[in-house]
Amino acid sequence: MSSRPAYFFLLPALLLYGTFVVVPILQVTAYSFFSWDNGIVQEFVGFANYARLASDTVFWAALGHNAIWVLLTLAFPLLAGLLLAAMLAERSPRTIQVMSAIYFIPRTIPLVVAGIIWGWIYNPLFGLLNYGLDMVGLGTLAGAWLAEESSALASLNVVGAWTFFGFCVVIYLGAIQSIDPSLYEAADVDGAPWWRKFRDITVPLLNNSTLFLGLYAAIEAMRFFDLIWVTTQGGPGYATEVLTTHIYKTFFLVGDFGYAAVLSVVLLVIVLSLSAVAFRLLRAK
Amino acid sequence: MNRFTKHSQTIILAIFALYALAPVYLVLLASMRSESDLFNGPLSLPWPIETANYLRVWTESGFSTFFWNSLRISVAVTILVLLTAPLAGYAFAKMRFRGREVLFAVFLAGLVVPAPSVIVALYGNLQVMGLIDTHVGVILPQAALLMPFSVFMMRTVMQEVPDELIEASTMDAATPLYGFLTVVVALARPGLMSLTLIVFMFSWQEYLLPLVVLQTETLKTIQVGAASLQGRYGVDYGGIAAAGLIAFAPLVVLFLAMQRSFVRGLSAGAVK
Chain A
1 MSSRPAYFFL LPALLLYGTF VVVPILQVTA YSFFSWDNGI VQEFVGFANY
51 ARLASDTVFW AALGHNAIWV LLTLAFPLLA GLLLAAMLAE RSPRTIQVMS
101 AIYFIPRTIP LVVAGIIWGW IYNPLFGLLN YGLDMVGLGT LAGAWLAEES
151 SALASLNVVG AWTFFGFCVV IYLGAIQSID PSLYEAADVD GAPWWRKFRD
201 ITVPLLNNST LFLGLYAAIE AMRFFDLIWV TTQGGPGYAT EVLTTHIYKT
251 FFLVGDFGYA AVLSVVLLVI VLSLSAVAFR LLRAK
Chain B
1 MNRFTKHSQT IILAIFALYA LAPVYLVLLA SMRSESDLFN GPLSLPWPIE
51 TANYLRVWTE SGFSTFFWNS LRISVAVTIL VLLTAPLAGY AFAKMRFRGR
101 EVLFAVFLAG LVVPAPSVIV ALYGNLQVMG LIDTHVGVIL PQAALLMPFS
151 VFMMRTVMQE VPDELIEAST MDAATPLYGF LTVVVALARP GLMSLTLIVF
201 MFSWQEYLLP LVVLQTETLK TIQVGAASLQ GRYGVDYGGI AAAGLIAFAP
251 LVVLFLAMQR SFVRGLSAGA VK
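Listed in order, the protein sequences are those of chains A and B. Just so you know, we're using my numbering here: the first sequence kicks off at 1 and counts up by one. Just so you know, we're using my numbering here: the second sequence kicks off at 1 and counts up by one.
If you're looking for bench data, these hints aren't it; they were derived computationally from the structure. Glycine is no exception: its CB is placed at the ideal position from the N, C-alpha and C atoms. One or more of the hints may lead you astray.
Computed footprint of chain A on chain B, listed as stretches where at least three residues anywhere in the stretch have a Cβ under 8 Å from a Cβ of chain A [to be verified]:
#1 17-31
#2 58-72
#3 155-164
#4 185-196
Distance condition first, Cα-Cα at most 20 Å in a straight line; then the derived SDA-like pairs of lysine to any residue [said to hold, decoys possible]:
#5 Lys94(B) with Tyr184(A)
#6 Lys94(B) with Lys6(B)
#7 Lys6(B) with Lys249(A)
#8 Lys6(B) with Leu272(A)
#9 Lys6(B) with Val189(A)
#10 Lys249(A) with Glu167(B)
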């Protein structure tokens, strides 16, 4: 069979993808090797733009925040999703459907709106969080959550977790439901308590899902922008600056084309490496 | 499982349900609250129930325009993806051709490319094409950025269509395209439904592209509108809540109505 029909089938998708994704990636890479003045290309400078990364403290801070974001995501929504899925799996099908729908709802809410809603919850004057702390007598813990450098990033991560844990529940549930029930029945005969079954059967058999979600979370943590931009825009100071907001500011606010391109390339290299690792590991299974 | 374990688990399940729903409930309350009612505490029931916030943002703050703009863009992106990705997915799943591996790898790589990483070049390109401040300038890049996910998902869907049926159809049909349209599309309908929902959702949620591409107020999308409302009238909480609700309600309704389709789509590519 000739290849012609296949190319004909591929052409529309390829044209769109090539024009608006592949070509811009190549351009960005090329831009990063030139000096720029007011958006006009000047001369080839080799790696001179890249050399600026070393002394750019905001860049390193941003990269650190992305890394912290990954760790917090692995520690909280992923683990919560695993536990909730394991608990939910033993309930009636109706309960499973209703509860996983509830957990999943935040994922359908745009991050812009999530940022606005949680911005209020964290509001120091009339926000729900301080109000709630006050009500249970923990008023001394109240703070300006998003306005203080020490708490801003972690507070935002709770919002990220809010939109993500339901996704983890759904993925884990699918995997748990495909585990052979006779394994649990055998453990029941032995009189094993719930947490032992969880530790010795559920968790090891979900390794693949954990790997998938972990890598997914890591890639998402490098990509996210909306949530930060509508809440703190990287502040206070640079406390919540991430790579994407740093790119945005460098390009749209400073107008530094060459360096914005360098930051874009760094971001691309990181996400592409992560996804290469993901595919290698997941395919090996 | 003993009683104690079961009950404590029920409590944990309930606490997380509260975590998921409380913020949504809070916005709902705030959107129906009048301004004088605001400082009775965030959990007090709004009384009297106000529809003024909705009316105000819908008519005065331009949210009817933003809403239709978002709908237009999201529907266009969805149609564009539906016209292109299933064909490509089918080619990767069922057809042999030279360069298949390489081309598929090129698509796969795009799965993780974030919009902010290409915006530096994309913005200039859109300017050259005269697409800045037009809906087309949002629709085309957005469909392109969603293409890898869509092609990948469609490939998985198409792989499940039995070869015998395809052979039968291509024997009868005059062209491969005709066979594709009559048999494959019919058999892949659940997958196409999932793709439609997911692409629509991603497109509706998108913020960065419309934010930088659209400048005219009457062209902006609902996410951009909601975000800027927050900045401009920092004190109109009822209005912002109503705007936020308008910005996410369609997605929540779609999701609740078609949960299964949604979940199937989002977990496409996940391993069990």
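Structure-based check of each hint:
1. 17-31: Coverage by chain A holds here, the residue count being 10 at a Cβ distance below 8 Å.
2. 58-72: It is violated, with 0 qualifying residues against the three required.
3. 155-164: It is violated: at least three residues are needed, and the stretch 155-164 of chain B offers just 0 whose Cβ sits closer than 8 Å to chain A.
4. 185-196: It is violated, with 0 qualifying residues against the three required.
5. Lys94(B) with Tyr184(A): Distance of about 39 Å is beyond 20 Å: violated.
6. Lys94(B) with Lys6(B): 48 Å, violated
7. Lys6(B) with Lys249(A): This hinted pair is violated, its Cα atoms lying about 51 Å apart.
8. Lys6(B) with Leu272(A): 43 Å, violated
9. Lys6(B) with Val189(A): OK: Lys6(B) and Val189(A) at ~18 Å, within 20 Å.
10. Lys249(A) with Glu167(B): Given that 20 Å is the threshold and the Cα spacing comes to 54 Å, the pair is violated.
Hint check: violations occur at hints 2, 3, 4, 5, 6, 7, 8, 10; the rest are consistent with the structure.
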